[in-house]
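Enquirer: Here's the letter readout for the chains.
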Amino acid sequence: MSEELRLSARETRGKPGVRRYAMVIDLRRCIGCDACMVACKAEYDVPLGVFRTWVPYRVVGKYPTVKKQFLPRLCNHCDDPPCVRSCPVGATYKVEDGGFVLQDYDRCIGCKACMASCPYNARFMLPEHRTRSNITSVVDKCTFCHHRVVQGLVPACVQTCVGRARVFGDINDPSSEVSRLVARHATQVLRPEQGTKPQVFYIGADRNMTEYGRDVYDAREALDDERAVFNRNHTI
Amino acid sequence: MLDYSVFHTIAWPSPYAWYFFVIGISVALFFFSALSWYREEFRPLRHSAFYLSFGLLVLGGLLLIGDLSQPMRFLNMVNPAYLNFDSPLAWGSLNLVAFGLVSVVYFVFLRKGEQVNAKRLAVAGALLGFGLPIYTGFDLTVHQHRAVWNTPLMPVLFVSLSLVSGAAVASFLAKGPEKLVSMLRSFMLWGGGATAAMLVSLLGTTAYGGSGSEVTFMFMTSGTMGLIFIGLGMVVGLAAPIALLLAPVGRQPIGIMAAGGLLLVGGMALRYAILIGPQIVHTYY
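Chains E and H, in that order, are what the protein sequence lines are.
Take the first sequence: its letters are residues 0 to 235, numbered as in numbering that gives the first Met the number 0.
Take the second sequence: its letters are residues 0 to 284, numbered as in numbering that gives the first Met the number 0.
Bear in mind the hints are in silico, worked out from the structure with no lab data behind them.
Don't take every hint at face value.
A partial selection of chain E residues facing chain H, derived with a Cβ cut-off under 8 angstroms [said to hold, decoys possible]: (1) Trp-53; (2) Arg-57; (3) Tyr-62; (4) Arg-84; (5) Val-88; (6) Ser-116; (7) Pro-118.
Quick look at which bits of chain H chain E covers, simulated, 3 or more residues with Cβ under 8 angstroms [unchecked claim]: (8) 19 to 25; (9) 32 to 42; (10) 138 to 146; (11) 274 to 284.
Example chain E residues on the side facing chain H (calculated, C-beta under 7 angstroms, incomplete) [stated by the list, open to error]: (12) Pro-55; (13) Tyr-56; (14) Val-58; (15) Tyr-92; (16) Tyr-104; (17) Cys-110; (18) Lys-111; (19) Ala-115; (20) Met-124; (21) Ser-132; (22) Ser-136; (23) Val-181; (24) Ala-185; (25) Gln-193; (26) Tyr-211.
Quick reminder that beta carbons are idealized off the backbone N, C-alpha and C, glycines included.
Working from the sequences, and respecting the hints, build out all of it.
Expert: Here is the structure:
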């Protein structure tokens, strides 16, 4: 990114001397196996009903030529994250070297301002009771597997992806694979008009999947069924 | 957008709407108490309006703290080492604390009969008080991806709703001269009219916005939310009381109190719909 396009002091893409991690998701390679969701759940013991990464889909085409289009989702680790701006107590912060947007669980008061400000629904409230963790009743989200990346590993979802649809790396390094993929392919980010500068890039995304459509007004019964079941069984 | 997505909850549930409601009334009642130092007709409201304002302020604070998922950490909101001044919530929490402190001292001066100091604090408290509906409006405005919320109208709309709801409650407290009742009627009438004009403008802009705005408009004007927003909020809670206030019976105390009751129902319904409606569409994203 050129200096002219960098509006906020928080933005680190293209900033000399710092890393800016990003993810490229090649939708042509995604088969919707959900292994990324399982790997993420296992890595963090993510509770039932909430997700750090999830894989929604849409059925496209006309019978008999139909297919499912998958759109793996996660926190976009925005270069100018609205959640960091909206948190009143600084519990959400951006790591300058790497660009990770992280959460300080001990400081979070649970006002949910970050959840309201996230255009990507990437944040969720942890339940009051958890079996193997005492981190409860605070907001959580994907960390780009910060703890793995600082040890030279890739995020768990990238590690496990069988189709190699997810690629992770430093986009400030022009020789990295993510830089080359973004340079060579037409990529899309989700909701670019929000000015958040997301750092998850999609190859082969259809705008019909990434925008609100009138069909949400007439949502599938399956969605409402799931909503009703969730409301019955969870108190958040 | 998608045939299948995981379930997402809304971020801010209904207790926030109740908070907006009680804090709006609290601020306006304090304002009427402060006005009593400058306009003699408001003199009967000086104590009663303030006491109710203080009670509602305490209730509002408890609602706000109770909705935190970590209520015991509410002091983080006023910890200078933690405060993030980019967030309107940080400014709001300081404003709320400052208004609370001024209210306590104002209470002491009122009880002691120290008129000069009480008058000074009344002005300071009224100014700080109006910061509360302004900040609650900004709380919503700053979320750039939310239709309806992300408009400069929000802070002004919340101030207007605050004055209307406060005047409605004050009409039940007013047991004084006809002039006071008439003034409260004017607040309700002009505040209600301004609120209605803003809402019509807001709905028009939303209906002709992008896909997210259009869908939000559809959610807010149909089904249960439509019943709350259009039915209870705009028809029962704004149009009907304005018509009542303009009718001959609307100049009598009983008519003004009836209009006040309707405005309170409308004030709550509008705050609820404005808070929840724009969050529905996002749960499907």
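Enquirer: For each hint, tell me whether it holds in the structure or not.
Expert: Hint-by-hint comparison with the structure:
no., hint, result
1, Trp-53, "holds (4 angstroms)"
2, Arg-57, "holds (5 angstroms)"
3, Tyr-62, "violated (15 angstroms)"
4, Arg-84, "holds (5 angstroms)"
5, Val-88, "holds (4 angstroms)"
6, Ser-116, "holds (5 angstroms)"
7, Pro-118, "holds (4 angstroms)"
8, 19 to 25, "violated (count 0)"
9, 32 to 42, "violated (count 0)"
10, 138 to 146, "holds (count 6)"
11, 274 to 284, "holds (count 6)"
12, Pro-55, "holds (4 angstroms)"
13, Tyr-56, "holds (5 angstroms)"
14, Val-58, "holds (5 angstroms)"
15, Tyr-92, "violated (9 angstroms)"
16, Tyr-104, "violated (10 angstroms)"
17, Cys-110, "holds (6 angstroms)"
18, Lys-111, "holds (4 angstroms)"
19, Ala-115, "holds (4 angstroms)"
20, Met-124, "holds (6 angstroms)"
21, Ser-132, "violated (15 angstroms)"
22, Ser-136, "holds (4 angstroms)"
23, Val-181, "violated (23 angstroms)"
24, Ala-185, "violated (21 angstroms)"
25, Gln-193, "holds (5 angstroms)"
26, Tyr-211, "holds (4 angstroms)"
Checked against the numbered hints above, the structure violates hints 3, 8, 9, 15, 16, 21, 23, 24; every other hint is satisfied.
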